[in-house]
Every structure is written in structure tokens, then in C-alpha cells.
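Heads up: the sequence lines are chains A and B, in that order. Heads up: the first sequence begins at 1 in the working numbering, then just goes up one per residue. Heads up: the second sequence begins at 1 in the working numbering, then just goes up one per residue.
In short, the hints are calculated from the structure, not lab data. Quick caveat, the model's predicted, so the values are computed rather than measured. Cβ atoms here follow ideal geometry from the backbone N, Cα and C, with glycine treated the same way. Heads up, a few of these hints could be off.
What the hints assert, rightly or not - What follows is a list of derived Cβ distance ranges for each label pair:
| id | chain 1 | residue 1 | chain 2 | residue 2 | range |
| --- | --- | --- | --- | --- | --- |
| 1 | B | Gln299 | A | Arg132 | 23 to 31 Å |
| 2 | B | Phe176 | A | Arg132 | 52 to 60 Å |
| 3 | B | Glu152 | A | Arg132 | 47 to 55 Å |
| 4 | A | Glu202 | B | Asp272 | 52 to 60 Å |
| 5 | A | Pro183 | B | Asp34 | 45 to 53 Å |
| 6 | A | Arg145 | B | Gly274 | 42 to 50 Å |
| 7 | B | Glu152 | A | Arg145 | 25 to 33 Å |
| 8 | A | Arg132 | B | Asp34 | 51 to 59 Å |
| 9 | A | Gly196 | B | Asp191 | 56 to 64 Å |
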Amino acid sequence: MERPSWAPADIDLDRPSAARVYDYYLGGSHNFAVDREMAEQAIALWPNLPLIMQANRAFLRRAVRYCVDQGIRQFLDIGSGIPTVGNVHEVAQEADPRCRVLYVDFDPVAVAHSRAILAGNERADIVHADLRKPEDIVGSPQFGRLIEPQRPMAVLMVAVLHFIDDADDPVRLVARYRDLLAPGSYLVLSHATQDGQPDKVEDHQKLYARTRTPMHMRSRAEVGALFTGFELVDPGIVYLPQWRPESSDDVDEHPERYTGYAAVGRKP
Amino acid sequence: MSRPAKGIPEPRRRHLGLAAAAGSDTARGTRHGDGRDAFALAWADAVVGTSYVSMSRTEVEEHLRGLTDRLAEALFTEPFTADAARQVGAAMVGAHFTGTETLNRTIALVADELPLRLGLDRSTPWRLSALQGALAAGYAEALRQRTLDEQEAISQAVFVARDQAEQALRVSEARFRAVFAEAAIGMGIADMDGNILDANASLLDMFGYSLEELTRRNVRDFMHAEDAASVWRLYDELVSGQRDHFRVEKRFERSDGEVIWTHLTASLIRDDEGRPTYQVAMIEDVTDRHLLQDRLRYQALHDPLTGLPNRALFLERLAEAFDSAAEEDRIGLCYLDLDGFKVINDSLGHDVGDQLLVAVGQRLDACVSAPGRLVARIGGDEFIILMERSSSTRDVVAIADHVLAALEAPIRVREHELSISASIGLVERSIVGTTPADVMRDADITLYWAKADGKAKWALFDPERNAREVARFTLSTTMPAAIERGEFYLDYQPLVRLCDGQVVGAEALVRWHHPEFGLLAPDRFIGLAEETGQIVPLGRWVLRQACHQARLWQDRFGSRAPFISVNLAVRQSRDPGLVADVAKILADTGVEATRLQLELTESAIMGTADEPLDALRALSAMGVRIAIDDFGTGYSNLAYLRHLPVHELKIAGSFVEGLRASASDGSHVVDARIVGTLVSLAHALGLGVTAEGVETADQARRLDDIGCDSGQGWYYARPGPPERIDHILSDVR
Numbered sequence: 001m002e003r004p005s006w007a008p009a010d011i012d013l014d015r016p017s018a019a020r021v022y023d024y025y026l027g028g029s030h031n032f033a034v035d036r037e038m039a040e041q042a043i044a045l046w047p048n049l050p051l052i053m054q055a056n057r058a059f060l061r062r063a064v065r066y067c068v069d070q071g072i073r074q075f076l077d078i079g080s081g082i083p084t085v086g087n088v089h090e091v092a093q094e095a096d097p098r099c100r101v102l103y104v105d106f107d108p109v110a111v112a113h114s115r116a117i118l119a120g121n122e123r124a125d126i127v128h129a130d131l132r133k134p135e136d137i138v139g140s141p142q143f144g145r146l147i148e149p150q151r152p153m154a155v156l157m158v159a160v161l162h163f164i165d166d167a168d169d170p171v172r173l174v175a176r177y178r179d180l181l182a183p184g185s186y187l188v189l190s191h192a193t194q195d196g197q198p199d200k201v202e203d204h205q206k207l208y209a210r211t212r213t214p215m216h217m218r219s220r221a222e223v224g225a226l227f228t229g230f231e232l233v234d235p236g237i238v239y240l241p242q243w244r245p246e247s248s249d250d251v252d253e254h255p256e257r258y259t260g261y262a263a264v265g266r267k268p
Numbered sequence: 001m002s003r004p005a006k007g008i009p010e011p012r013r014r015h016l017g018l019a020a021a022a023g024s025d026t027a028r029g030t031r032h033g034d035g036r037d038a039f040a041l042a043w044a045d046a047v048v049g050t051s052y053v054s055m056s057r058t059e060v061e062e063h064l065r066g067l068t069d070r071l072a073e074a075l076f077t078e079p080f081t082a083d084a085a086r087q088v089g090a091a092m093v094g095a096h097f098t099g100t101e102t103l104n105r106t107i108a109l110v111a112d113e114l115p116l117r118l119g120l121d122r123s124t125p126w127r128l129s130a131l132q133g134a135l136a137a138g139y140a141e142a143l144r145q146r147t148l149d150e151q152e153a154i155s156q157a158v159f160v161a162r163d164q165a166e167q168a169l170r171v172s173e174a175r176f177r178a179v180f181a182e183a184a185i186g187m188g189i190a191d192m193d194g195n196i197l198d199a200n201a202s203l204l205d206m207f208g209y210s211l212e213e214l215t216r217r218n219v220r221d222f223m224h225a226e227d228a229a230s231v232w233r234l235y236d237e238l239v240s241g242q243r244d245h246f247r248v249e250k251r252f253e254r255s256d257g258e259v260i261w262t263h264l265t266a267s268l269i270r271d272d273e274g275r276p277t278y279q280v281a282m283i284e285d286v287t288d289r290h291l292l293q294d295r296l297r298y299q300a301l302h303d304p305l306t307g308l309p310n311r312a313l314f315l316e317r318l319a320e321a322f323d324s325a326a327e328e329d330r331i332g333l334c335y336l337d338l339d340g341f342k343v344i345n346d347s348l349g350h351d352v353g354d355q356l357l358v359a360v361g362q363r364l365d366a367c368v369s370a371p372g373r374l375v376a377r378i379g380g381d382e383f384i385i386l387m388e389r390s391s392s393t394r395d396v397v398a399i400a401d402h403v404l405a406a407l408e409a410p411i412r413v414r415e416h417e418l419s420i421s422a423s424i425g426l427v428e429r430s431i432v433g434t435t436p437a438d439v440m441r442d443a444d445i446t447l448y449w450a451k452a453d454g455k456a457k458w459a460l461f462d463p464e465r466n467a468r469e470v471a472r473f474t475l476s477t478t479m480p481a482a483i484e485r486g487e488f489y490l491d492y493q494p495l496v497r498l499c500d501g502q503v504v505g506a507e508a509l510v511r512w513h514h515p516e517f518g519l520l521a522p523d524r525f526i527g528l529a530e531e532t533g534q535i536v537p538l539g540r541w542v543l544r545q546a547c548h549q550a551r552l553w554q555d556r557f558g559s560r561a562p563f564i565s566v567n568l569a570v571r572q573s574r575d576p577g578l579v580a581d582v583a584k585i586l587a588d589t590g591v592e593a594t595r596l597q598l599e600l601t602e603s604a605i606m607g608t609a610d611e612p613l614d615a616l617r618a619l620s621a622m623g624v625r626i627a628i629d630d631f632g633t634g635y636s637n638l639a640y641l642r643h644l645p646v647h648e649l650k651i652a653g654s655f656v657e658g659l660r661a662s663a664s665d666g667s668h669v670v671d672a673r674i675v676g677t678l679v680s681l682a683h684a685l686g687l688g689v690t691a692e693g694v695e696t697a698d699q700a701r702r703l704d705d706i707g708c709d710s711g712q713g714w715y716y717a718r719p720g721p722p723e724r725i726d727h728i729l730s731d732v733r
């Protein structure tokens, strides 16, 4: 096996992993004490966090279903994390078993687990790659096997770009993916924001500084810039629960508590 | 029990009602459908947000509606069993209702709402407790199982990931190991103290050591005596962390003592904190290339014919001798050129010539070569011997004698017995104050002297002779520019009529105010100018200058103005342009031809071909006076004199000198007679006579007594600026 130059030579279980912390927020047990400790600290700081994560996960589910409804049958889920309840392939293939899903993550444990989960699923696979290197993803055999780039696909960047530093120019990075997409493709994106809850952001970012993936919150305008070259579908960029809720009850009176923006764009 | 404050929204109720109507077909279900719907809605309200489930709100309600049915069945089935509740608990976990609060609220709801919604008889509360217990147990069991499964899964994933990472690392390390082990270039690793830790096969092969032998050694053990000093300075900088790599050419000694030439690249390896940790050497064996270079270099530095060092090597060694010399060291050169080689080459052929050179080279090599002595062929038939650290001039003289003797024996080339000789220029001196270029040039000059002095001998460099020649050379090369720069000027000496002391003429005398050598009299440069031909332009300049002055006098003094007398060198007199030049200058300056006198030496006039005489006749015909300078010192054909276009004789000062002495030895009497005779002769031929070198009044009086016409000398005036003549003429008036 080829070890990508950026991948750690060792699996460091002394450091929390964003993927496993996320799993914990969602009630999973794919995590270790170090992950849970960090998650609990975050929750103590920000009791809404589990709700936010659930809202994010619910957005993912709604967005995937939306894409399936729009005729999309191939999904590229970048930063997929630990497979847990409501994975993209489950949601998509429940809607149409022909849907093909390629996951991408660079947490080696998440990748190993995904590979185990996906064993036997002909239409889903995972690539161990860094999202900052689209060429590694597109050049992978899994991509060649599952994805037809000339046809529209949905690229999911759900709760992942806030792990990309400004130095890595996320706008340009998304544009590189955009340029690979056939017209009619979708970008599904959620992103942590300091808008609405500025007071807690700093401590939260400090917590994530412990992981391999420090966090960078972005404003609505910054999130909007990520959709350059896409047409936002209704309702545009909104707080997580506000994106096409399945019932009005799903949206409470303070959606800004869900400190994350969600949006879906279509490449014309 | 009351519903949650916000109540159940209408659309959901309708939706659930439809679903319930379509999905429930049991009698009891139909009968109690509304109650079960209400319970499921309350349940959904209670647990929403407590767990993440991958369902929409509607789906959650539908899911819980199904579970409500199963709870109801458990509650009403006879005989009672709580097993179904256990499955409901497990199903909740299956749907990922895994939050602890989910169970709490579910249990509470079952107690508070289920009996009410399902119309449960209050008489059987134990059934409800059993149901709650079973639900909780089923839930706990499933959650425990799920937790264990997930922990197992994530641990397995860690194991796999770690295994893959390690495997990747092993592969990566194996690949680097392979690169290291199998590289054609020699590689070695040492710690910062220079202890060799590892080396690859190429390096072991190159050095001829086993790894065990090599790892017992230190990098510094590989210092080679002939390493450039910079190599180990760079190494010190490397191990002290000042430098991250360097690249040098370096010799190493193999285990068998053989020396190999290498290109060495040494690099510093730093740890994560930037501290120097290891040093890595990459060593490429370039011995073959070096040998080839040596051979090419040998070819570049040796004469292919004789095999002797060539000029390039000689110059290199000469430079080295200077570079490495101590202050008291001396150096000697014998610059040797075969006499008459060209004749042999031309008459017997180049092949014989070449063979002769080979033989000469061998003889020189045999009788000269020794440590500190180098024989080189530096071109054609020229050889040079370098003597480093000679002790005195005697050394080079001895070598030169030795060489000349060695070449005395005839050299046999094929059927020819060739007798040859050589001329040798010798330079031997202290190294201080000289340069390789100096000694080469001086040896070359000295060889020229030896040739000029007669062949088959040596000449030793003579700095004074050289200085003279250098000065002459300098003068001759700078003369043309000096004319243009106005470094020449004219002094004038009056020519005085003896009978009345009247200034009748002035001789123009050229001077050179040389910027380096100062004021130069004509004897310093006229001869040189004659040799180089510069005399023609110089003479033309003098003539023009003098005529210009004559014109000034002509304008100022009219008929009293002195004529101008200008010396004409031999070469000038033979210059075909002479007549035209004179005519043009006279015309340009407006001087009457009769006011110009040209002075020539006897030798210039006598015994020459006709052409100069024709020129003199032409000048004479123009009205120009011709004087014979220094008359009496040459071998004038007196009989011939009458046929020459001459107007004046200038008697040499040596005769006039005799007239000055008091008559103790009587010599003056002889001189007086000679002068008298000359004057008589001149007058007989119709020539005027001027006496040169008149220094005393007595001389002047005697000359006048003898009948001499004019006098010139310090008695009247030394040569000086034209103003002095002006002054004299003005005074007289």
C-alpha cells in the first residue's frame, strides 16, 4: 500500500479525532476515551452541540434525498468521517438502489472502518485522500470504478470545509472540484459559523486545535463565496435546520443556535 | 395526562391518521387506533432531539407507531409476556434511539401515557411495570451489544489502519533501504562525532572494507594527506551545524592502499527540532574519469614530438616555483635555440628536422633533468631549462656550458651526421622583485643577444644593457606620438661672421623634452630615429619649424635676418620626397630659399649614389645652401668636392680646439696649418668656411686671421631659444 506523503506514519490514539468526536455527538460508540473527553468538554461549553450535529446530519439526509429527487445517482462525500447512522449510501440507496457513493476521508481509522462497513457493497467505496488534493481523489481506482465524471453528480462537503485553513484557500479548492463537475451537478455544503453565537467560538476552536483538524469558522459571506460558479437552490444559505425542513416543527425559534450554515448549489 | 403545551399540529394528525388507517388491520388496532396514534405522537415529541436517527419527523412517528402497536400487543396478550417490549427496546436501539434521555423519556411516557391512550385497566399495573422493565432491559441489552459492536468495529478499524500505516511505512522504509543498499553511488551514514554507522554495498566495494571494519572507523580517519584544506574546513562547518551540505572532489585510500578519486557530497540530517543528528555522505568513484583527465592533462602539457614538457607545463611550473618560493630563493632559466636549424629543416626535410629535435631533447633531458630542473620544448627549435632554487649565477652558467658541450658531438639522423650548436640566453636572479613574466622576457632578450653576439655561446642577462635597450626601444616607440604631442623643440645657435662679429645665420638644433627621461640631446635619439626611419617625419618637422622661425626673423630683421641652417640626416637626404618637402615648406613659410642652409655629413654626401646628389643639386638650384658638417672627420674625396653642389664647409670642432692652446707643444701650429689649408682649399673651390666649436676670443681672432669666414661656438652663444638670437640682433642694431 502506498502511504500518501501527508498521511501519518502512525495512528495516534492520544489525540482526539474530529470524525470520532462527531460520531460521539451522534450517539455512536466508534470512539475512544480521548474523543469522548473532548466531546464532553465541548458539550459542557456548548450544550447544543449534539443538537447541532444532529441538525447537520439531518441536513445531509435531506440534501441527499433532494439530490436523488433531482435525478442525481452518484455522490462524492468528501470528509465522510466514521460511518454511522444515516450514511449517505444508506440514504441514497434507500431512495434508489442504483445510487453510487464514493466516500473520501483522510482519517486512516475512519477509512479503515468505512472500508469494513462497505465491504460487499458494489456501489459504495472509500478513498483515503486529502480533500486538498482533488487529483488524488479523481485519480483513484475507486473513483474510476464508481463515478462517471461526464454525468452530473453531487459533491458533499458537509461539515468539512471548516477544517480547511484560509492558507489552503477553500474558495479556490471548491472551484477546482467545480471545474471537474458536469453541468447539472450539485454541491452540498454545510459549514460552522460564528454568526449568531460569536461568544463561544474561540474556546471551541481551541478545543479543536487538539485534533489533526483545527476548526475555522466562516461568515455567511465567506460561505457564499464557496458557491462561486454555482446557482444556490432554494432557500439559499440558511442555518442548518432551515434548509428545506420536512416539517415546520423541525425548525425552532432560534435557528441561529445551530451555528452552522447549510446550502446546496447547482452547477449550471 | 395533558399533551405537550404546543399540542399536536393538524397536518401531522391527518397524515398519521391516514397511515394508521392504511397500516393497521388488527381488530384491536382499529379499535384503539386513535389512542395508539396519539401515544406515538407523544412519544415522538418526547424523544425528538434526544438521539440522532436517520429519519424525518414523519418517519420517526411512523416508526414509533409501529413500536406502539407492539407494546400494545404485549400489554394485552394473554397469557401476559413482556418479551415484545424487550424487542421494542432493541428496535429503538436499532433505529439509533441511543441517547440516554431517549430511554428515560420513553419509560416515563410508557408509565404516564400508555395506560391512558390505550385504555388500560388500572387493575393490572404490574403489567405496565413488567413492560417498562422489559423495554429497558431489551434496550440496554441492544445498546450494550451495539456499543460493544461499535467499539469492536472502531478498534478493528484502528488495528487495520495502524497495520496499513505500518505496512506502508515498512514498504516505504524497505524501498528507501533498497535505494540505499542497491544504489550505484556509495552512501554512508555517520553520527555527529563522525562514527560511521552504516554504509551501502557500493561504498564498501569502493573502499574495500567490510561493514564491520568501516563502522569501527571515524570519518576523520579518511583524511587524505593531499586533501585540499577546504575539504576539512567544510566538514567542520557541517558537523558544527553551520552548513547543511557540501560537495567536493576528494581522494580516499582504499583498504589495499590504492587511491581513488571521488566526488563527495556530504549532507546534514536534522531532527524535527532542527538539531543535527546524522551526516550522510554520497560518494561517487570518479577515478577512471580522473585518470582520463590526467592523461588528457598530460597530453595537454607535453610536447608530443619529444615527450618533453611543453610551454604550458613549463609556465605552470614556473608559476608554481614563484608561488612556493621562500624569500631568499633564486631562480634560473636557460633559454636555448638551435643555431641554423632552419637550414637543416629546409635542406634535409622536416622529418630529419623532427628527428634532430627528438635527439636534442633526449640529450638535454639526459644532461639536465633532475629534481628542481625541468627541460621543456616551448616551440620550434626552442628549449628552456627551469632551475628552481638555483644558488648563484654560476649554476646556470655551468648548465649552459654543460649543454653546449653535450651538443658538440654530432647527432646522427639516418645517414646524416649533423653538427649543431645552440645559443643560450641565461637569467638567474633572486625571486624577490621579479615575476615569471619578467624572467621569461629577459631570457628571451638574452637569447637574442647570444644570437646577435655570435652563435654557439651563451649570454647572461645584463640589466644595464637591457635598460639601455629598453630606453632605446621606448624612445623609438614613443617618438611618433612625441612629435604630435610637441615634445620636440628647437634651440638655435648663432653663426657669426668673423670679420665683424655679425650674426649671419643660426643653426637649428632639435631637442626632445621627454616626459620620462627629461631633456634629451640629439645624440640620444637621432641615431635611433635614423634606424627606425622616424628621422624622416622628425626631420620634416624640424625643417618646417626652423623655416617658420626664419620667416619670423625675416619679417622682423629684413636683410639683416640670419639664414637658418638645418641638419639633414643621411636617411633624410635619400628620401625621395626631400626636394618636394623642402620646396613646400619654403613656400608655406614664405622663406627665401637662399635663407635656408642644409647641413649634411661628409658620409651623407660622399660615396653615395647619384640620386641624393641629384636631390642636392635640385635644392642647390632652388637657391638652398648646402653645407658639409663636421668636415675633416670623414674621408672626403677632396677631388670630388668640386663636383658637388656644396656651398659651405663646417670645420669640425676638434681642429678648432687646437687653435685655443698656447703654443707650448706646437700642436696648435699644426692645427692652425690644417685649418688654414682647409680654408684655402674651400676658398679655392669657391666655398665658404665655418669653424665649429669656437670657445674663446683668441680662437676667434686666429680663425679670422686664417681667413675663415664664420664661426660658431660657446664663445658667441650656446644653443638657446630663438629669443636669444633676437636679442643679439637687436643689441647690435
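Index of numbered hints that the structure contradicts, given in increasing order: 1, 2, 3 and 4
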